[in-house]
Amino acid sequence: MHEMSIAEAILDLARKHVPPGSVLRSVTVRAGPMRGIDPSCLQWAWQALLTETRQTAVNLTLIQLPWHLHCKTCGRRWESPQMAFKCQCSSEDIEPLDGDDLQLVTIDVDDVPTPASVAN
Amino acid sequence: MQVQVVENVLKLNDEVAGINRHRLHAAGVFSLDILGAPGCGKTLLVEKTLQRLAGKYRLGVIVGDLATQRDADRIAVFSDNVVQVNTGKGCHLEAHHITQALERIDATKLDILIIENVGNLICPVGFDLGQDVKVGIFCTTGGDDKAAKHPYIVKESNVLILNKIDLLPHVPFRRDIFEQDIRRLNADVPLLPLSAHTGEGMEAWISWIEAERAKKKT
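One line per chain: the protein sequences are A and B, in this order.
The first sequence: position 109 = 109 (our numbering), numbered continuously.
The second sequence: position 51 = 1051 (our numbering), numbered continuously.
Treat the hints with care, since some could be wrong.
[What the hints assert, rightly or not] Just a few of them, taken from the derived set where beta-carbon distance is under 10 angstroms, the chain B residues facing chain A:
no.	residue
1	D1065
2	F1078
3	N1086
4	G1143
5	K1146
6	H1150
7	L1167
8	L1168
9	P1172
10	R1174
11	E1179
12	R1183
13	A1187
14	V1189
Calculated directly from the structure, the hints in this document are not laboratory data.
Bear in mind that the values here come from a model prediction, so they are computed numbers and not experimental data.
The C-beta atom is built at its ideal place from N, Cα and C for all residues, glycine as well.
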């Protein structure tokens, strides 16, 4: 289950981008279909990781990108949630154009409450 | 407050892989990462490959498995430079595993390093180890639909092997369907049918390794 390794990599990278004096609240990750990420497995791994590292609750949003396909016969380009093996023109000469993206897109952080701000 | 990042999640792994690659190149080592499902014949192929390359090249092997020393013991018959990496719960090797294994092998005394990844058609593909080439292995007993179901390994491999062709008369494997699926996903990747068990097709595989090694050295 590569989702645990990916969850660890997301958390490591996200922590590096948290400004001093802030706390991580959420992360948004974008993944292409070739990465074979199971969303529920990633969420399970993420929660297990937060527990293991005693991290406060951090929400993980996974944006799953569709396949970008190209028909080499008619030239049509389209998006599909599944890898397609046939074009509308009946050609089976289909190629995927990309699909291996795996990026941390944004993080959300909150300021850590200081004793002074709590008192006020 | 939202912070824009847009960075590769596996950036750290890729950086470590880059260090491994630099280290291996500096030592003049050509390296292969062997990927395939459990039972597809990775270890037998490594054994037979070592047999054919021994005497001509100085060979090293890093073997990844969740548990046991069994593959390293099998391979140690053919090479003195074998390191077993047990990943525990991890379903794939990562770049830092190779960095650690290279502490136990003197890369300057090698010409070729074979890395046998953990048996898995999915997870290892996305993790760069610092290798020169990725070798994806399918087998006739695994079914002719495995290339279509695992597009990432087909797209990312520098060469694909169809192992166990000696069993073709005994299994319902449509080679035309398998090859058509591969060509849709990766039009140019070399596909080498062979049987590590009988030796059929092994010459083409050995020639491919030697040609790729020669390309890397020029």
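Holds or violated: is there a CB of chain A closer than 10 angstroms to the CB of D1065(B)? 16 angstroms, violated
Would the stated hint for E1179(B) survive a check requiring a Cβ distance to chain A of less than 10 angstroms? Hint on E1179(B): violated, closest Cβ of chain A at ~13 angstroms, above 10 angstroms.
Does the nearest C-beta of chain A fall within a distance shorter than 10 angstroms of the C-beta of H1150(B)? OK, holds: H1150(B) within 10 angstroms of chain A, min 8 angstroms.
Go through the hint on G1143(B) and say holds or violated, using the shortest Cβ distance to chain A against 10 angstroms. 16 angstroms, violated
Does the closest beta carbon of chain A sit nearer than 10 angstroms to the beta carbon of L1168(B)? 23 angstroms, violated
Agreement of hint A1187(B) with chain A interface, Cβ distance less than 10 angstroms: 7 angstroms, holds
Using 10 angstroms as the Cβ threshold, decide whether F1078(B) counts as touching chain A. The hint is violated - F1078(B) has no Cβ within 10 angstroms of chain A, the shortest such distance being about 30 angstroms.
Close enough to count: is the Cβ of R1174(B) nearer than 10 angstroms to one in chain A? 14 angstroms, violated
Hint validity - N1086(B) Cβ closer than 10 angstroms to any chain A Cβ: For N1086(B), the interface hint is violated, since the closest Cβ of chain A sits about 16 angstroms away, which is over 10 angstroms.
Grab the minimum C-beta distance from K1146(B) to chain A and call the hint holds if it beats 10 angstroms, violated otherwise. At 13 angstroms from the nearest chain A Cβ, K1146(B) fails the 10 angstroms test, so the hint is violated.
Per-residue hint verdict: P1172(B), partner chain A, C-beta under 10 angstroms: Not OK, violated: P1172(B) not within 10 angstroms of chain A, min 20 angstroms.
Agreement of hint V1189(B) with chain A interface, Cβ distance less than 10 angstroms: Result: violated, 12 angstroms to nearest chain A Cβ.
Violated hints for the displayed structure, listed by number in ascending order: 1, 2, 3, 4, 5, 7, 8, 9, 10, 11 and 14.
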